[in-house]
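Input sequences plus hints: build the corresponding full structure.
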Amino acid sequence: MLSVKGLRAKVGEKEILKGLDLEVGRGEVHAIMGPNGSGKSTLAHVLAGREDYRVTAGTVTFEGRDLLALTPEERAHLGLFLAFQYPVELPGVNNTYFLKAALNAIRSARGQPELDAVAFLRLMRERLKVLYLDDSLLKRPVNFGFSGGEKKRNEIFQMALLEPKLAILDETDSGLDIDVLRIVADGVNALRGLERSVILVTHYQRLLDYIEPDFVHVLAHGRIIRSGGKELALELEEKGYGWLGAEEAA
Amino acid sequence: MIAASPAVEAIVASEYEHGFVTEIESDTFPPGLDEGVVRAISARKGEPDFMLDYRLRAFRHWQTMATPKWAQVHYPAIDFQAISYFSAPRSKDGPKSLDEIDPVLLETYNKLGIPIEEQMALSGIAVDAVFDSVSVATTFRVKLAEAGVIFCAISEAVHDYPDLVRQHLGSVVPHTDNFYAALNAAVFSDGTFVYVPKGVRCPMELSTYFRINARNTGQFERTLIIAEADSYVSYLEGCTAPMRDENQLHAAVVELIAMDDAQINYSTVQNWYPGDAMGRGGIYNFVTKRGDCRGARSKISWTQVETGSAITWKYPSCLLRGDDSVGEFYSVAVTKGRQQADTGTKMIHLGRNTSSTIVSKGIAAGEGEQTYRGLVRIAAKAAGARNHTQCDSLLIGARCAAHTVPYIEVKNPTAQLEHEATTSKISDDQLFYCRSRGLTAEDAVAMIVNGFCKEVFKQLPMEFAVEAQKLLSISLEGAVG
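So the protein lines, in turn, are chains A and B.
Okay, so the first sequence: first residue is 1 according to my numbering, each after it adds one.
Okay, so the second sequence: first residue is 1001 according to my numbering, each after it adds one.
These are calculated hints, taken from the structure and not from any lab test.
Predicted, not measured: the structure shown is a model, and the values here were computed from it.
Every residue gets a Cβ at the ideal spot worked out from N, C-alpha and C, and that includes glycine.
Accuracy of the hints is not assured; some may be wrong.
[Said to hold, decoys possible] Taking beta-carbon pairs under 7 Å as the criterion, some of the chain B residues facing chain A (in silico):
hint, residue
1, 1436
2, 1437
3, 1440
4, 1447
5, 1451
[As the list claims (entries may be wrong)] Below, simulated DSS-like cross-link-like pairs (lysine-lysine); rule was C-alpha separation at most 30 Å, straight line:
hint, chain 1, residue 1, chain 2, residue 2
6, B, 1454, A, 139
7, B, 1198, B, 1069
8, B, 1425, A, 10
This is the structure:
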């Protein structure tokens, strides 16, 4: 469903991705690991369509479409979702209202009827239950005044509600306690059950105790230098990134 | 490659919805202003002598005055001799029965979404429609009269209720108050008059819809609302004008009087033509609005949503004379393109235990420039007075500007004043976050702006809150490219 070939991207004049290849099939969970500065977050943002990153070479196809030709919102309409490493605060914008607007924007772009308030609330309650979330976050402005853990939970809740075909989690596990890690894992596993695909961008192996990836890739210096099964993550945990010649970038 | 950047910088002018011109034969005075014109306006209205005297006093005083220069707005000097001071659709001297209204006018108002045929009207809202210099229709007058409420064109009130007009006109905003108030007193041609008798709760929302149509014409309307003891009225005004290349002057005066325990809510949704992206044309909206909380425990609340006009210069104010009286000012002002606004309020605390609240939300986009200018004055006798002021500015893009100029004068040591101010920006991060959830940049801006203004919108009557929200979205359409 996602095919990345020879992707090169720059931030300013600095090349971050230097010829990256990645294939993600339906229902697969891929973990992308790597030291700081290896280009993990850049990959996540390039896939979501952030303009600050300039793609200089390569192709990305998603669901048969040229992803790089689409705006961020068109990518969301196609079923791409990015859980942000640093979720953005929207003061004054009610979280429930925001979610309803987002879901309906996606539905109407797909030619589906918009959900009315009643149907939306029903759906929301259902998803809340699956994730064992309480609804206090929904009455507050989007991410505004949320703790770090609450922001991450909110990202996962959005993901559960929007049911993307491909979710990219950008270091969603960083700085989380065990309880929130479980929620993240539940969210991912729920999607997986729906035959949806997930890319987990992570620095640590810890998250993979809760989510068993189908594939693990090591990203270093802007390319994937090694791919394998879940055992690769354990090996990394044991030996460190240096083992693959993928030291922390300068 | 990724499509064009949604950088907050890119500003595209959005379309002004109400920019059409109504083709109707009008009686329009030739441009120019002298005593003869003032007399002609009065004669045209068949006014009693006290009105002519009032106008002439105002005109003579105006001649001694100079245009105010202290506001942070920039525009070439206005040639007051190039403006026509009266324009009326032909053969419509004043409002007649609704059946007699020129169908062209009916169509104009329907196009604007203002139903002046009662059977089509929004339930529970009475409308006075002012077209250029005259009131063309006032709905639901009979129903209101049953409750004892007078709701009519001020030109009629001069004839039908001369004592009320004589007693109150100019008692809150004297003709000597400022340059534009003096000009208005001399040449005002119509506007709305509301009288709510003692103990009456006005059974419906009252509203006036102002429309400027004729070219080179100024609109000088006058509104007078009197709420007797223990009464309540909620009033809303809306404004639009055609798109024209030249600037047009709108210099209104609004006076509110609230007696003991009375409450007046006055809401404005102002959408005058703002001019084009280059700053050509648009309305100069130079307005004096003041409410007098004359009675004890009276309350006057101003709510304004200012999205239009090339230049806005207005400070709806409250004179808190009665003990325990309450003044409120809730404002959303939007400036985009080359629009300028210098707006705010004055809360003058004279009585004991008076309190006031000011909530001002300024949104600047494009090259828009705006200033919040507010005065809170606590007089020596106003023991126990309280004020809370909150001024928030939201910037969209890097070429706009927002200023806050609070004036505080306290002459009584028991006063409590609070002032909060914030400035924020819609960031690229926020836009990207919203877009990655499937929303367009425009939806995202509208959502953030509406969230920012929520506190003010909830003060508006329901139907108008929806309208204001829509207007704001349209107004900021294209504010982010």
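Hint check:
no.: 1; hint: 1436; in the structure: holds (5 Å)
no.: 2; hint: 1437; in the structure: holds (4 Å)
no.: 3; hint: 1440; in the structure: holds (6 Å)
no.: 4; hint: 1447; in the structure: holds (5 Å)
no.: 5; hint: 1451; in the structure: holds (3 Å)
no.: 6; hint: B:1454 - A:139; in the structure: holds (15 Å)
no.: 7; hint: B:1198 - B:1069; in the structure: violated (42 Å)
no.: 8; hint: B:1425 - A:10; in the structure: holds (27 Å)
In the structure shown, a violation is registered for the earlier hint numbered 7 alone.
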